[in-house]
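A.B. asks: For the protein sequence lines, the chains are X and R, in the order given.
Under my numbering, the first sequence has 64 at position 64, and the numbering climbs by one with no breaks.
Under my numbering, the second sequence has 166 at position 166, and the numbering climbs by one with no breaks.
In case anyone wonders, no lab produced these hints; they're calculated from the structure.
The reader is advised that the hints may include incorrect statements.
Unchecked claim - Some chain R residues well away from chain X (every beta-carbon gap over 10 Å; in silico):
(1) 45
(2) 104
(3) 141
(4) 150
(5) 153
Claimed, not checked - In silico DSS-like cross-links for lysine-lysine, where the CA-CA straight-line distance does not exceed 25 Å:
(6) R/193 to X/38
(7) X/2 to R/41
(8) R/169 to X/2
(9) X/38 to R/100
(10) X/2 to X/38
(11) X/102 to R/41
Backbone N, C-alpha and C fix where the C-beta goes; we use that ideal spot for every residue, glycine too.
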Amino acid sequence: MKRRFIGRYNDVVTRHAIYATGDAIEVDERDNFAIVRKRVFFEDVLLITSHERVGIGPIFFSLGFAFFLLLVGLIAGGVAGWTTALFSTPFFVYGILRIQVKETIVTVFGRRSRARIRFAMRRRHAQQLYDELCEQVRRAQSAMNPPADEERSSEERREEPWLTSIDSAPPQ
Amino acid sequence: MPVPRVITYAGPACPRCNLPLSLENLTLAEEICPRCQGYFKATVFHPPQRVARVLQIGQSGPESTTGTCANHPRNIAVTNCGRCGLFICSLCELEMHGEKYCPACFDRMTQNGGAEEAQTRFRDWGALAIAMALCALVLDWAMIGVPFNVLSIYYVIRGFRDPQFSRDKALLPALSLLLALVGLAWGIVVIAKFLKVGSL
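Can you make the complete structure from the sequences, with help from the hints?
C.D. replies: This is the structure in structure tokens:
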């Protein structure tokens, strides 16, 4: 099945791109000039969480840059100063928006690994993805349950004589 | 030889403070971490355990004609490897593209690039291409940027031909290609100027 890009999780030291396939979530971690891939199989998922938090980094950098431009504009003065100060507006607005609208992080915990996806200012999309992942995991895990021996046909059991004895007590 | 990476993962934890969580205690959809008091929404799953149906040689009965596993002499073989023909039990059986392989063959195929689905490490051609293109732009001033531009174009082509290539990864190679072509033209102009005038 084709991979579908579902989101990213970047911070100061790591850069992750997250994809969904038919049976797993794939996490591509950039490691210099190589990409290291981890998989969280839907069959192994134990917990999916979603939480919101204020992203400190983007707020710090956007507001910091806005204040820096504003300061430069004030010191320079005149038309050039006002123009520079005007350029700080988008960064200032973005910083304020990031304070108001928190980022949503969806985390998928598997048996051996986990995947995190961050959504900045896309709360509804994060909720949709959370529901979609829960549904996919439920489907994968319900399909995993093998039929009990009683449900298997007698022909099927006759073809595999060794398998019928595994559930019985070993010969004394 | 790639250095083995140590990955520390201790199972489900609080997504805010990484406090390990017991899944039995998580029953509600809305949870509060006992340590950080942070709120998060949670859905718990109870995946069924995989049951490997392995029969040992003593359990097969006298009528059994199958061989034993090459890796586990006490287990009965259920099939043989599609690559080397080795008898393998259901513990060793690894399926890929409808064919069954033994662990050794599976490892060899993964290392040789024959098992793309099982590969976990790939070359990032886009990052290589952009790094080379940026180097070339700087080195064009010293008239030695042209080989780096050519290298960048080569990396872009390798990236586009890579089976792992997808449309969302196209931006970086495309940008690199543009930079490399501009750099190449610039490098040629610089060299031509030097040859004409005799100095930079």
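A.B. asks: Next, verify each hint and record whether it holds.
C.D. replies: Against the structure, the hints:
no.	hint	in the structure
1	45	5 Å, violated
2	104	22 Å, holds
3	141	25 Å, holds
4	150	18 Å, holds
5	153	17 Å, holds
6	R/193 to X/38	51 Å, violated
7	X/2 to R/41	29 Å, violated
8	R/169 to X/2	15 Å, holds
9	X/38 to R/100	23 Å, holds
10	X/2 to X/38	17 Å, holds
11	X/102 to R/41	15 Å, holds
Hint violations for this structure: numbers 1, 6, 7, all remaining hints satisfied.
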